[in-house]
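Enquirer: Protein chains in written order, with the numbering used here: chain A, 1 to 351; chain B, 1 to 351; chain C, 1 to 351; chain D, 1 to 351.
Careful: at least some of the hints might be erroneous.
Identical copies go unnamed one by one, so any copy, or any two together, can satisfy a pair.
Keeping only pairs whose Cα atoms sit at most 20 Å apart, straight-line, the calculated SDA-like set for lysine to any residue is [unchecked claim]:
1. 225 with 136
2. 225 with 43
3. 23 with 88
4. 172 with 228
5. 289 with 278
6. 309 with 35
Treat the hints as calculated values from the structure; they're not laboratory data.
4 protein chains.
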Amino acid sequence: MSSSHLLPFASDYMEGAHPAILKRLAETNRTPMPGYGTDAISEAARAKIRAACQCPDADVYFLVGGTQTNATVIDALLASYQGVVAADTGHISLHEAGAIEFGGHKVLTLPHHSGKLRPEEVNAYLTAFEADGNRDHMVMPGMVYISHPTEYGTLYTAAELRRLHEICQAHKIPLFLDGARLAYALACPENEVSLPLIAACCDAFYIGGTKCGTLFGEAVVFPQKDRAPHFFTIMKQHGALLAKGWLLGLQFDTLFTDGLYEHLGRPAIQAADTIRNALQQYGYHLFFKTPTNQIFVIMPNEQLDRLAKEVSYSFWEAYDAEHTVIRLATSWATTPEETQQLLAVLAETAR
Amino acid sequence: MSSSHLLPFASDYMEGAHPAILKRLAETNRTPMPGYGTDAISEAARAKIRAACQCPDADVYFLVGGTQTNATVIDALLASYQGVVAADTGHISLHEAGAIEFGGHKVLTLPHHSGKLRPEEVNAYLTAFEADGNRDHMVMPGMVYISHPTEYGTLYTAAELRRLHEICQAHKIPLFLDGARLAYALACPENEVSLPLIAACCDAFYIGGTKCGTLFGEAVVFPQKDRAPHFFTIMKQHGALLAKGWLLGLQFDTLFTDGLYEHLGRPAIQAADTIRNALQQYGYHLFFKTPTNQIFVIMPNEQLDRLAKEVSYSFWEAYDAEHTVIRLATSWATTPEETQQLLAVLAETAR
Amino acid sequence: MSSSHLLPFASDYMEGAHPAILKRLAETNRTPMPGYGTDAISEAARAKIRAACQCPDADVYFLVGGTQTNATVIDALLASYQGVVAADTGHISLHEAGAIEFGGHKVLTLPHHSGKLRPEEVNAYLTAFEADGNRDHMVMPGMVYISHPTEYGTLYTAAELRRLHEICQAHKIPLFLDGARLAYALACPENEVSLPLIAACCDAFYIGGTKCGTLFGEAVVFPQKDRAPHFFTIMKQHGALLAKGWLLGLQFDTLFTDGLYEHLGRPAIQAADTIRNALQQYGYHLFFKTPTNQIFVIMPNEQLDRLAKEVSYSFWEAYDAEHTVIRLATSWATTPEETQQLLAVLAETAR
Amino acid sequence: MSSSHLLPFASDYMEGAHPAILKRLAETNRTPMPGYGTDAISEAARAKIRAACQCPDADVYFLVGGTQTNATVIDALLASYQGVVAADTGHISLHEAGAIEFGGHKVLTLPHHSGKLRPEEVNAYLTAFEADGNRDHMVMPGMVYISHPTEYGTLYTAAELRRLHEICQAHKIPLFLDGARLAYALACPENEVSLPLIAACCDAFYIGGTKCGTLFGEAVVFPQKDRAPHFFTIMKQHGALLAKGWLLGLQFDTLFTDGLYEHLGRPAIQAADTIRNALQQYGYHLFFKTPTNQIFVIMPNEQLDRLAKEVSYSFWEAYDAEHTVIRLATSWATTPEETQQLLAVLAETAR
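The task is simple: from the sequences and hints, build the whole structure.
Expert: In structure tokens form, the structure reads like this:
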């Protein structure tokens with residue numbers, strides 16, 4: 001399956017790494033390093049992440065990919081008899097091939113609202129569980145999982161995140177934020193949720209690299225020291241401990257130098273805004289109104305056939321017999337030329 | 001923990017990638033690719049591996065690291081009530097933090113002989129199990145795991161591998177070979193076990209990249225098509241499916257171009273031979289006589305303290321109150337200069 | 001928590017065993033038997049169950065309780081990457097404390113309709129999964145689980161069961177029926193689903209004992225021989241293999257002698273019908289109209305407080321701020337006197 | 001497989017229950033009870049066990065069988081990355097079909113000495129683990145499992161148990177004692193280990209019922225309150241929560257009334273001593289010298305063929321080409337007549 005002649009809007013992980021990362025990989029390629037993230041570059045990266053998140057005592061670990069990170073963190077924080085609360089559209093609910101259940105834990109789903117959990121619905125669920133006379137025969141909710149941006153590219157407000165934190169505190173369970181696309185939230189004018197706010201509200205979160213400028217890699221942050229004892233061993237047990245751990249440290253050290261991570265996503269947001277405006281102007285209907293780098297469009301199937309000849313996109317779901325929801329994603333690597341070419345195709349297809 | 005001033009002999013994964021790999025990474029960095037190994041470069045790499053192994057119908061998958069690969073393959077091939085037979089020194093037995101048990105399977109250990117399983121002991125064990133009146137209350141051996149080279153750097157003979165194959169066939173269970181350091185076997189004059197022989201004898205094996213010239217990555221080969229149904233999903237479930245799968249394909253495509261994989265390990269073997277000869281000449285005792293890139297030496301603790309100031313090595317185990325077994329490892333990246341410097345330190349320390 | 005002075009309508013497992021079972025337990029108490037169900041009485045019970053189900057080649061196993069049986073059968077029939085489709089109200093979905101996830105499998109829920117799965121919704125779900133471009137990143141539905149009667153005491157029609165069978169066959173996955181309360185279906189005039197029909201339509205099912213006249217025990221039937229290889233070992237692995245297996249065989253041998261199992265539930269159904277009629281006559285509202293031994297009533301909370309002083313019932317769920325749904329259950333052990341006393345209390349409470 | 005004409009020495013679970021238990025089962029059969037062990041009889045049994053063990057704050061739970069109990073307790077006490085230390089002959093090591101691994105945990109075996117762990121070897125192992133530079137890549141020992149009597153019928157001394165306790169305390173891990181055959185220890189003159197001593201030295205233990213006078217059932221004791229939070233839910237998750245929990249409570253209430261449990265095993269010990277003496281007198285060789293109710297004899301195969309026609313025994317292991325180790329077990333139900341008949345057969349066979 002080659003897509004080299006198609007315009008690359010299928011996902012935000014279609015290209016390699018930010019040039020600054022490749023440059024450092026080349027520079028350090030023959031420098032001997034100790035393994036498993038015990039090297040000095042990884043340590044420097046951790047220090048920079050702690051600073052950016054304003055949590056000086058945080059434990060920071062580097063893993064390879066998103067599903068792996070979710071499964072490892074969730075297994076580390078849950079007791080054996082607990083499950084994780086998530087939106088029914090959450091990545092862990094639907095698109096991780098049962099990685100959470102493989103670790104023995106149930107995903108306890110609540111209905112999503114444009115991809116988000118509603119804090120008061122979480123509170124009601126946790127409260128009802130505690131009052132349920134049958135609760136000892138049920139899976140105890142042991143943490144809350146959210147993603148920011150969500151699967152649908154939507155954003156939690158600062159008030160929502162603070163309220164989720166309060167609720168989790170009140171029910172004595174951790175809050176975990178999946179930031180696979182966090183750079184695109186941070187680059188978004190509508191975003192109210194900064195790294196320090198996330199660190200203040202969450203017991204664990206990860207800063208996405210794979211979709212945000214690295215070749216691969218996700219940085220897990222536990223703002224409170226020793227929140228997840230023996231996490232190194234848990235990583236190993238999950239096959240999530242990279243031998244050449246400095247490759248991860250180096251990439252995050254680069255992203256957290258000179259604030260790169262916080263502005264890396266801007267071209268993606270600008271491109272996505274341009275595309276959203278054009279789509280509406282050309283008469284297409286958006287499936288969701290989202291402010292980040294993912295665009296969900298309802299396409300007539302006939303037009304989709306023509307689009308498919310020139311654009312690489314993601315199938316999302318069937319809308320009705322004659323329409324399909326597709327996803328177009330921009331990324332840190334999207335160029336103005338690609339965007340303009342896409343607009344031209346969309347304009348042509350819309351006729 | 002920085003080791004930049006020390007001579008790098010602690011492991012064979014202390015440096016980055018073969019220069020040819022870095023070059024291709026740079027060249028393809030901005031070429032859009034589809035994800036998860038569905039790209040054309042990964043397909044080309046699979047074709048080259050099939051050719052090198054002379055198994056044209058093989059299924060080939062690329063994973064990130066060794067523990068992850070062992071756990072994913074073993075979980076894919078075992079029934080829920082089966083365990084895996086391994087040497088008591090096997091990587092899965094000792095140094096994978098329980099990754100196999102995390103998947104629900106017992107590691108059934110047999111005594112090692114210089115790191116190897118003895119075929120007739122495997123046969124006796126499987127035969128005894130089948131005859132045991134209590135077998136239905138026990139974990140059924142469902143596959144045999146070996147590594148080549150072994151944890152101790154030793155090599156199976158062609159006759160041993162063929163015999164293990166026969167035994168597994170007779171007992172109707174698969175044979176799985178962990179080739180994390182396979183390039184160092186292939187580069188070794190004593191080695192009798194070629195890629196085609198491995199493919200002919202094993203139901204599954206992996207060709208190591210992380211320790212053999214890539215940044216990361218292991219190539220799993222199932223010589224018979226469809227031997228592990230839904231392996232892609234099983235990888236996802238294990239957090240072992242790399243989003244930017246072409247990074248793995250590209251690295252293995254490079255290693256399997258112009259026979260690079262089969263001669264990449266030669267400098268390591270030459271360096272190791274030189275070091276082994278020098279060690280014996282200087283009066284040190286080898287813990288194991290091994291032909292590959294790992295050297296196990298019994299060091300007086302006092303000398304070790306001096307060595308540690310100049311050489312990065314691996315602690316292996318305590319030998320007695322006054323001696324320690326250490327491992328020195330060479331790699332594809334070891335230079336003649338490094339080897340000569342090591343010899344000088346060893347000569348000095350031996351005095 | 002003693003309930004000895006309350007009328008026993010909280011569940012259908014509040015009393016011991018049918019007197020014929022206790023009698024045989026006493027008679028055989030000092031007869032030495034081989035363990036683990038390898039005894040002659042267990043073999044006789046298996047033969048009687050095969051005859052009653054008209055499946056002469058069936059494999060029959062005896063386990064101790066319902067959750068244990070569901071988990072063991074589901075783990076035996078699913079591949080590691082598969083999940084089980086169930087109604088969102090199914091026992092495995094809600095009230096088994098995550099026993100299915102403990103075995104590594106996801107419960108894939110569909111909306112219930114009075115406790116039942118709709119066959120066409122199952123078909124649509126399985127068909128959509130197979131067409132989903134992301135299916136390899138998702139949990140594959142690997143079997144369908146239903147219960148008869150359902151959690152809400154409702155019954156599948158013969159046509160529905162046949163259609164579920166057809167659908168599962170078409171999608172090449174097994175159908176599993178949880179018959180924890182099967183005796184109450186068989187005793188019910190509305191029931192169209194006989195033991196032979198179940199055996200013809202299902203790949204696995206269990207005949208409930210715990211709620212249907214035994215001290216404990218469930219009989220698992222695989223109508224096709226060798227459908228679940230090594231099930232004995234899987235039972236042991238799940239802690240589900242009773243040492244004194246003949247205790248289970250003896251109980252089922254008794255239930256399947258002279259058709260006891262098929263008429264044992266009649267008094268429960270008659271009592272339940274009497275209670276349902278009285279409830280409606282007294283002005284109570286039923287939450288569900290069900291034909292079997294469970295009665296779901298919406299009670300004003302004030303009346304419930306009074307009821308609680310004389311009747312042992314089950315809390316089901318809050319209905320609204322002023323009403324609660326409760327369950328009253330009759331059983332094989334319910335006496336006409338108990339039923340009349342309950343009616344008197346209900347009449348009094350309704351005033 | 002019928003053994004009704006054979007003398008019953010194959011195991012200690014070949015007969016039903018102590019008559020006092022059957023009597024109470026009959027008496028309470030129609031008394032309604034609340035489920036899951038929340039009844040008054042279970043509560044009374046717990047109080048009696050606490051008194052007998054002199055641990056007034058203990059949490060006591062009733063489970064159905066030994067493998068189930070081991071798996072549930074071990075899963076409850078271990079963190080996800082920990083394993084359990086056991087003798088290589090331990091029941092959990094060999095004869096539970098991988099139930100511990102099914103829960104995700106490795107059994108870390110040490111060599112047995114007549115079935116026992118040596119305290120100093122446990123200490124050395126735990127100490128070495130903590131000093132091992134690779135420990136973060138290994139399974140951390142998270143508890144120690146022993147059985148008393150052991151698989152070979154041997155007994156720990158009071159000093160050994162106290163020392164194991166000290167060692168576990170020093171290494172901050174729990175000690176768990178499997179008392180499946182505890183009544184036979186308590187009835188043995190050589191035994192130094194009382195229930196209060198066990199409660200003082202162990203973090204968890206279970207008092208065996210299945211092999212010691214009940215139809216089924218094991219009583220788990222956690223001497224310190226809340227040592228295993230949510231154990232009720234963990235039992236449910238493991239399929240180990242009996243619906244009619246009072247059946248377990250009633251049996252243990254009977255065993256702990258008037259000290260029955262502590263003298264119930266005496267006839268078994270007397271019979272075993274008689275048999276051991278006779279065996280030696282007739283020229284047989286004991287495989288192990290054990291003081292409890294299990295007798296391990298090395299039998300010439302030819303004599304074994306004759307024995308098999310009249311005695312039901314257990315195959316243990318092949319000794320050499322011409323001899324087999326068998327186990328003869330006595331129980332609370334063994335009669336003097338059966339013992340005398342066995343002696344006659346043994347005398348005859350020995351000729």
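Enquirer: Please go over all the hints and tell whether each is borne out by the structure.
Expert: Outcome of the hint check:
no. : hint         : in the structure
1   : 225 with 136 : between (31 Å within a copy, 18 Å between copies)
2   : 225 with 43  : within (15 Å within a copy, 42 Å between copies)
3   : 23 with 88   : neither (41 Å within a copy, 43 Å between copies)
4   : 172 with 228 : both (15 Å within a copy, 18 Å between copies)
5   : 289 with 278 : within (14 Å within a copy, 55 Å between copies)
6   : 309 with 35  : between (45 Å within a copy, 19 Å between copies)
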